[in-house]
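Here the protein sequences come in this chain order: A and B. Going letter by letter, the first sequence gives residues 1 to 241 in the numbering used here. Going letter by letter, the second sequence gives residues 1 to 241 in the numbering used here.
The hints are simulated quantities; they were obtained by calculation from the structure and are not laboratory data. Ideal Cβ placement from N, Cα and C applies to all residues, glycine included. Careful: at least some of the hints might be erroneous.
Among chain B residues calculated to face chain A with C-beta under 8 Å, some are [as the list claims (entries may be wrong)]: (1) Gly109; (2) Leu210; (3) Tyr237.
Protein chains: 2
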Amino acid sequence: MLYTSKENNKIKYIKKLNYKKYRDEFNEFFIEGEHLVEEAYKNGVLKELLLEKNSNFNLNITTNYATNSILKYISSLDNPSSVIGICNKIKEKKIGEKILILDNIQDPGNLGTIIRSAVAFNIDTIVLSFNCVDIYNPKVLRATQGMIFNINIIQKNIKEFILELKEEGYKIYGTKVNGGNSLKNVEKPEKFAIIMGNEGRGVSSEILNLCSDYIYIDMNSKCESLNVAIATSIILYELDK
Amino acid sequence: MLYTSKENNKIKYIKKLNYKKYRDEFNEFFIEGEHLVEEAYKNGVLKELLLEKNSNFNLNITTNYATNSILKYISSLDNPSSVIGICNKIKEKKIGEKILILDNIQDPGNLGTIIRSAVAFNIDTIVLSFNCVDIYNPKVLRATQGMIFNINIIQKNIKEFILELKEEGYKIYGTKVNGGNSLKNVEKPEKFAIIMGNEGRGVSSEILNLCSDYIYIDMNSKCESLNVAIATSIILYELDK
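Isolated chain A, as found in the complex (with noise of 0.2 Å):
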């Protein structure tokens, strides 16, 4: 099928997944530009392609096929891609033994990116607050590389679980610029989660009091603090040794 208008029932129901309310209401999001769409096909949660009109994209998968104009019409780039995948939302699963938990992120390139480095760095689960940005945000999908089909991501009260990964015997880990301990010192316990928070204030105080352990990075005097995905990246680098 080639579509080429705008009214058309499809392209209405594409263009609509750029909004949070949609994407929770269908259930599914979309994602741009070749490797998401291989990473997405890869996981088993791409539903459908949308192609530019004479391009190629061989996958087993219900195909159409839309103009350059439409493309734009839907896209959140400067530049869309000729590929576009409709995906269904990521299942839930078990949470496991390394434990990311992140109160209140606002930036979406902050929460793709910190998605990405927590891949890397082999934690198991994310566990969002509900007032984080949406996982399903084009620009967080964008910052994650495609990393985000690759970790259990899921959202909680986390005042809630948090209490629950204590009864558990987890180490929740928080960050403090006092009264911590250095990272270079820290424990690597088996099982453990650590919990940063929001962009300009931090992780609640509330949420903060819940730790079991505080750390904090050194670094020279002049420099307040570092950006939220900078701080957790290495974090999680360390507890990674």
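Go by the hints and put chain B onto chain A.
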């Protein structure tokens, strides 16, 4: 002085500083927000202030005022700050012993974040290839969180520069997925330079071949690579230990 018209020469001048061409011509740039302005003031590069009408910001510096719509006109932000600082470009200084070389970094957020991390982990000098994004780009400046004023940043023909460093006994680190040493076991010499490269293509092979040592970051094989700001920051963290 209160500016109310976009046609005013002063306002036209500041607006032009959104573009590299004019920043280079006038040898000035502008910053937005109290934190960046304070950092610029502390470091002696703040030349004058432009505040929103009826707002206050007490610094011993030439201060003018403008209407909210004028600030919106100048700003690169959706929600402009009530504080704009016009600055002289930062003077280049002599290089130190811990150097970060960046080859063709294109994303302003990445460059700004790298600058912030370089200050945190005690890099003396950042050396940029001529094709990197401009450090005075408003998005770069914001991502540095003011740390741009706390580090020496210079532009060079990096090929020639690396050859000079080698003659002066610097160890030159590049990154390589295969055939390098794990970052975990990296030597921490007194004088070193680490070269990091473009988001998509990495460091150009001509430059990479000039390195004396190659390192890689251990990670899960599902993840092909890290975001360049993340990889750079992890390496700087480890070299700073």
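So, going through the hints one by one against the coordinates:
1. Gly109: Cβ of B/Gly109 sits 6 Å from chain A, so the hint holds.
2. Leu210: With a minimum Cβ separation of about 27 Å from chain A (threshold 8 Å), the hint on B/Leu210 is violated.
3. Tyr237: B/Tyr237 check passes; min Cβ-Cβ to chain A is 5 Å, inside 8 Å.
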